[in-house]
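Chains as they are written, first to last, in our numbering: chain A, 1 to 144; chain B, 1 to 144; chain C, 1 to 144; chain D, 1 to 144.
Any given hint could be a false lead.
If several chains are the same, the list does not tell them apart, and a pair holds so long as it fits within one copy or across any two.
Said to hold, decoys possible - Think about it this way: if two alpha-carbon atoms lie no more than 27 Å apart in a straight line, the pair counts; the simulated DSSO-like pairs of lysine-lysine are: (1) K27 with K70; (2) K123 with K70; (3) K70 with K122.
The hints are simulated quantities; they were obtained by calculation from the structure and are not laboratory data.
Each chain is listed here by its residues.
There are 4 protein chains.
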Amino acid sequence: MGEDAFIWRRRVGFGDCDPARIAYTGKIPDFALEAIDAFWEDLLDGTNWFRMNVDLGIGCPFVHMEMDFKAPITPRTPLFCHVEPARLGTTSITFRVTGVQEERTCFVASFVAVFVREGELKKIPVPEHIRAALRGRFAHLRET
Amino acid sequence: MGEDAFIWRRRVGFGDCDPARIAYTGKIPDFALEAIDAFWEDLLDGTNWFRMNVDLGIGCPFVHMEMDFKAPITPRTPLFCHVEPARLGTTSITFRVTGVQEERTCFVASFVAVFVREGELKKIPVPEHIRAALRGRFAHLRET
Amino acid sequence: MGEDAFIWRRRVGFGDCDPARIAYTGKIPDFALEAIDAFWEDLLDGTNWFRMNVDLGIGCPFVHMEMDFKAPITPRTPLFCHVEPARLGTTSITFRVTGVQEERTCFVASFVAVFVREGELKKIPVPEHIRAALRGRFAHLRET
Amino acid sequence: MGEDAFIWRRRVGFGDCDPARIAYTGKIPDFALEAIDAFWEDLLDGTNWFRMNVDLGIGCPFVHMEMDFKAPITPRTPLFCHVEPARLGTTSITFRVTGVQEERTCFVASFVAVFVREGELKKIPVPEHIRAALRGRFAHLRET
């Protein structure tokens, strides 16, 4: 993960864990998604997914996700999710999210989302102010 | 809510909200429970519900909850949950949890939990080190 | 619970359970809410909360909930939630929801919701077609 | 998806949906996992993940997941998850899970899990009774 990744700290609670006494697998994608939502909020001065959808009429649905689970996530210590844009396309964005606890990598994930007009399924170009904000923060952003 | 309440700040995300565009009712009890789990962690130097259960063999199941919903919870601003012990019994504890967003009270809740030997259903007295920690923090703790 | 209660059967999964190896307290209100959503869908020929909100512009937010937890919920056997309207007011409805596993009562809950115009906070009278459907199904419905 | 896939029917509720008025992305992996848990329960005469862990001391953690999201999931109609073992290795199993609503494929997913002694991280061979049950049901099971 790059040095300029956004880092989202998350408490792992009792309710996040299953009878095997580790965070439940079905919760882990949601940890990563929360981190991406927080990434946007941080990058765009408060414009999280809710505001994108409801205020700006822009949707950002996912078309692909993949995750490698490297180590169990425990509620004994916080989880740090490192989020960075891996690739910015014409209408899509790929995120890399890495989950870390006490220097140990718990998961490495990749998420691909596309931009759409809210309520429609038709893709739109990445909005200019979003592209600009990404370029401003990530000097080595890969665009294709 | 009292001045010595523990305050738990929580980001409200897109995934916490429903099609009515407010936090889903079914999530709100869990916000309050997360806050109680964080309350113990703070009070007991890291001993959250997970450590109580797994390391100390103490369970703390709930026997009653009630909530008044006063105002919708929005993902536009963080939620602050104020947690304080309202009453400490021989084997039980009652919490008052108040959810606040930008000075507006969103919910007021009451939760009653009992202490048990982990894996059993038989109540045990509130462990002494827990009672002592509560007394130490909350000068006006009501014991019955 | 009455003989004419609507019964919602729900599988309890591994992911619903916590490290104490029973269903997590924070999930249980949501089990009851799912059952109420399914109750409407059954009573109103498919009009669940989603359709009420999105198609009919009617919201049904909760103002109060309370639950007594009587016995742990286990993933070894399904949970049956019995839902019945306990009282129908001018603008509100009170539900009683009882959760049962193998003849054992796990929880008894009460939920109060009000009807609103979707997106607004102002209460409206219980819509006539909903009142009629409730009267049609529940001969002894208590109206106040 | 093959003809002998196990099919898990799931109601999609109001609480599963987000402000974009479709099922929240973070819930979808969990739908697929629920279906896999139900698959085992069906195949092994009631032995779901909970019983595997708690009664048999066998864990089945995931090491990889990937999902393609093809169409939004709506609460207007049930979701059918088709589960089939795509490959059985020495210590691992790969599942293919396909989510369908009214003939429309909503997602196609692949999950890889390994068998472990519960509470340990060391892989063990697929237990013989599980291998036998899989062979018995899936004539064309690919073993490697």
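Hint by hint, here is what the structure shows:
In this homomeric assembly, K27 and K70 come within 27 Å of each other (Cα to Cα) both inside a single copy, at 15 Å, and across copies, at 21 Å. Only between protomers do K123 and K70 lie at most 27 Å apart by alpha-carbon distance; the minimum there is 13 Å, versus 34 Å within a single protomer. Proximity of K70 to K122 under the C-alpha cut-off of 27 Å is restricted to the inter-copy arrangement: shortest distance 13 Å between copies versus 36 Å within a copy.
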